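Q: Read off the chains here:
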Amino acid sequence: MRSDSLSFNKQFSHIYIEEDAAGFPLTERICSFFPHAEKIFVQSYKEIFSRPRQSYSAQVSSRSLILAVKKDGLIYEGSVMCHDFDQRWFYYCTNVLNCIYDCEYCWLKGMYGTANLVIFVNTDDFLKETERLLKEHPVYLCLSYENDLVPLENMTGLLKEWAEFTVSHPNLLTEIRTKCADREIWKRMPVSDRVIPAFTLSPDTVISAYEHGTPDLKKRIEAVNTAAEQGFHPRLCFDPVFAVKDWQKLYTEMIKEVMTNTGPEIIRDVSIGTFRLSRDYMKKMRRAFPFSACVQYPYTLKNGYYGYDDELRKTITEFMTNELMKYISKDKIYTLEDDANE
Amino acid sequence: MIYVTAALYPEASALIRHFRLKKTELLRGRDVFTDHENMTLVLTGTGELNAASVTAAFLAKMNVSDDDVLLSIGSAASLCEDSGSGLFIINKMTDLNSGRSYYPDMLIHTGLKETSVLTGSTVYRKGDNIPEGYGLYDMESAAVYHAAKMFFPPHRMFFLRFVSDTGTPQAVTASDLERLSNEYLPAVIRLVEEVRKGKKTESILTKEDEEHIIQLAEQMKCTEFMKNELHGYVSYAVLTGLSLKQIEEGLSLAERLPAENKEEGKKILYEIRQFVIQ
Numbered sequence: 001m002r003s004d005s006l007s008f009n010k011q012f013s014h015i016y017i018e019e020d021a022a023g024f025p026l027t028e029r030i031c032s033f034f035p036h037a038e039k040i041f042v043q044s045y046k047e048i049f050s051r052p053r054q055s056y057s058a059q060v061s062s063r064s065l066i067l068a069v070k071k072d073g074l075i076y077e078g079s080v081m082c083h084d085f086d087q088r089w090f091y092y093c094t095n096v097l098n099c100i101y102d103c104e105y106c107w108l109k110g111m112y113g114t115a116n117l118v119i120f121v122n123t124d125d126f127l128k129e130t131e132r133l134l135k136e137h138p139v140y141l142c143l144s145y146e147n148d149l150v151p152l153e154n155m156t157g158l159l160k161e162w163a164e165f166t167v168s169h170p171n172l173l174t175e176i177r178t179k180c181a182d183r184e185i186w187k188r189m190p191v192s193d194r195v196i197p198a199f200t201l202s203p204d205t206v207i208s209a210y211e212h213g214t215p216d217l218k219k220r221i222e223a224v225n226t227a228a229e230q231g232f233h234p235r236l237c238f239d240p241v242f243a244v245k246d247w248q249k250l251y252t253e254m255i256k257e258v259m260t261n262t263g264p265e266i267i268r269d270v271s272i273g274t275f276r277l278s279r280d281y282m283k284k285m286r287r288a289f290p291f292s293a294c295v296q297y298p299y300t301l302k303n304g305y306y307g308y309d310d311e312l313r314k315t316i317t318e319f320m321t322n323e324l325m326k327y328i329s330k331d332k333i334y335t336l337e338d339d340a341n342e
Numbered sequence: 001m002i003y004v005t006a007a008l009y010p011e012a013s014a015l016i017r018h019f020r021l022k023k024t025e026l027l028r029g030r031d032v033f034t035d036h037e038n039m040t041l042v043l044t045g046t047g048e049l050n051a052a053s054v055t056a057a058f059l060a061k062m063n064v065s066d067d068d069v070l071l072s073i074g075s076a077a078s079l080c081e082d083s084g085s086g087l088f089i090i091n092k093m094t095d096l097n098s099g100r101s102y103y104p105d106m107l108i109h110t111g112l113k114e115t116s117v118l119t120g121s122t123v124y125r126k127g128d129n130i131p132e133g134y135g136l137y138d139m140e141s142a143a144v145y146h147a148a149k150m151f152f153p154p155h156r157m158f159f160l161r162f163v164s165d166t167g168t169p170q171a172v173t174a175s176d177l178e179r180l181s182n183e184y185l186p187a188v189i190r191l192v193e194e195v196r197k198g199k200k201t202e203s204i205l206t207k208e209d210e211e212h213i214i215q216l217a218e219q220m221k222c223t224e225f226m227k228n229e230l231h232g233y234v235s236y237a238v239l240t241g242l243s244l245k246q247i248e249e250g251l252s253l254a255e256r257l258p259a260e261n262k263e264e265g266k267k268i269l270y271e272i273r274q275f276v277i278q
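Residue numbers (my numbering), protein chains in the order written: chain A, 1 to 342; chain B, 1 to 278.
Some hints here could point you the wrong way.
Stated by the list, open to error - No farther apart than 30 Å at their CA atoms in a straight line, the calculated lysine-lysine pairs in the DSS-like style are these:
#, chain 1, residue 1, chain 2, residue 2
1, B, Lys197, B, Lys61
2, A, Lys314, B, Lys266
3, A, Lys46, B, Lys113
4, A, Lys283, B, Lys22
5, B, Lys266, A, Lys284
6, B, Lys22, A, Lys302
7, B, Lys22, A, Lys284
8, A, Lys219, A, Lys187
9, B, Lys149, A, Lys283
10, A, Lys187, A, Lys249
11, B, Lys22, B, Lys61
12, B, Lys245, B, Lys199
13, B, Lys200, B, Lys61
FYI, nobody ran anything at the bench for these hints, they're computed from the structure.
Source: prediction; values computed, not measured.
Given these sequences and hints, build the entire structure.
A: In structure tokens:
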């Protein structure tokens with residue numbers, strides 16, 4: 001169905017609203033953000049989001065929004081496949097399901113199989129659940145885990161709310177992972193050393209080949225600097241790193257560009273990771289995206305996950321570590337190998 | 001191919017005439033019209049049971065492919081002022097009996113008004129006690145969707161309904177339906193033309209490549225698993241700009257094949273993998 005000559009409805013021209021979600025302030029806010037959108041009431045968000053046989057490729061040109069109330073599973077423990085940055089109590093939050101960017105390698109495509117987004121409007125319940133956990137122990141909470149909240153901030157205001165909540169809860173550390181280059185967002189956020197803006201960075205060759213709809217490297221670097229100017233200590237995430245043609249040269253130049261245009265002193269820490277994806281998600285993505293070289297690469301299956309061969313993975317990690325150590329001390333560099341060895 | 005369903009002939013007559021569809025004996029006991037190339041239309045008869053059973057039987061007989069589309073056309077009663085008259089594209093249909101709702105993807109800009117439809121098993125008469133919040137009432141939509149979802153994904157199903165009455169079915173005649181189907185024909189044609197612009201499914205490998213891979217797999221003494229791996233490696237190679245010929249030449253396969261046994265084939269398969277990812 002996807003074709004350049006077809007005339008598609010605009011992005012978010014349709015908003016599906018769970019009956020229970022009507023009346024929430026966030027529902028009102030989002031609906032007024034899209035005053036001309038068609039509003040369709042549904043009993044459960046899964047009626048839309050989880051329909052069988054959806055096509056990401058067809059839907060990506062005209063995504064729909066789904067507003068819902070999350071009734072359980074508000075906060076989850078972090079996956080072993082993700083960096084924990086030495087944080088014992090690593091959790092993630094699912095305010096929003098799915099991402100507006102179209103990265104070919106993204107595991108969300110394997111997990112959901114739809115381009116539509118769900119926004120859970122009962123923010124207070126997420127905050128209360130976090131408070132419950134905070135009574136037991138400190139919490140390291142990743143906010144943008146199954147989404148990228150930054151490009152949605154003007155629509156939702158969720159990040160500002162979470163940042164204010166973090167400021168008022170001393171045992172809470174939150175990470176906001178993003179590829180978005182909207183600099184204004186950081187100017188409106190309350191500044192705290194316990195709110196970590198985490199920017200995913202890639203060489204422009206990888207961005208244009210695989211990270212469709214995302215800002216280029218220069219713009220992302222500008223966003224890093226803006227966040228730092230406001231008083232944040234940004235995290236840089238070189239994850240996933242791809243062994244594309246001339247990858248050593250591309251990543252060396254990228255690290256140089258990033259470090260010379262930001263400055264090691266403003267960086268909180270960096271993470272390095274290579275592409276990895278669970279077997280089930282890979283199976284779905286290979287079927288759904290037959291023309292994606294990134295997905296069709298003959299990865300090695302190990303312990304239920306597809307990724308590069310051990311040797312190549314280690315080579316990439318060591319290479320990236322060594323390049324970064326030209327600018328930043330080793331204790332600020334986190335790799336998945338470190339996590340696995342702990 | 002566009003597969004069309006309609007309950008009654010007068011609802012579809014304008015479309016049948018415009019696309020010069022000819023009656024055919026594709027489905028016993030039901031009228032089917034086709035041009036054998038781009039469009040095939042079935043008359044399901046009225047009511048949910050007819051709609052579901054005939055749609056399922058019809059589509060099961062057709063060889064529905066990944067590029068095909070379902071278009072359901074018909075009439076409906078208006079339930080509110082907003083949907084008082086006109087042609088609508090349906091964004092939600094609910095089966096009154098089960099309460100189950102169905103939602104086709106609304107991706108293509110049609111310029112048509114949208115609404116929801118309630119599908120019941122009896123004729124609606126003004127004053128009947130039915131749930132609120134729906135624009136239209138009919139006796140087929142949800143049933144057609146339920147049967148067709150076995151064959152079509154949600155982005156390849158389109159439901160169009162024109163308003164025939166406001167809960168006064170006794171006042172609707174066959175000639176009224178025919179007149180309305182004529183009136184809204186241009187909009188239906190526009191949707192058909194838009195849908196036809198959809199990109200057709202393409203393959204990474206040519207037919208020759210596919211045949212060649214089968215030959216290679218035989219010469220390499222591949223198991224079914226190895227054959228799938230080989231297919232994946234060659235597909236990846238083609239995506240990155242390498243041809244099957246370049247792989248064969250690069251690894252001098254012509255001189256090394258046929259392999260003596262599966263073990264030797266495995267070694268060659270590994271070399272092919274390393275060659276395509278280098």
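Q: Confirm or reject each hint.
A: Outcome of the hint check:
no.	hint	verdict
1	B:Lys197 - B:Lys61	25 Å, holds
2	A:Lys314 - B:Lys266	25 Å, holds
3	A:Lys46 - B:Lys113	25 Å, holds
4	A:Lys283 - B:Lys22	43 Å, violated
5	B:Lys266 - A:Lys284	26 Å, holds
6	B:Lys22 - A:Lys302	57 Å, violated
7	B:Lys22 - A:Lys284	41 Å, violated
8	A:Lys219 - A:Lys187	16 Å, holds
9	B:Lys149 - A:Lys283	23 Å, holds
10	A:Lys187 - A:Lys249	34 Å, violated
11	B:Lys22 - B:Lys61	18 Å, holds
12	B:Lys245 - B:Lys199	29 Å, holds
13	B:Lys200 - B:Lys61	22 Å, holds
Consistency note: the structure conflicts with the earlier hints numbered 4, 6, 7, 10.
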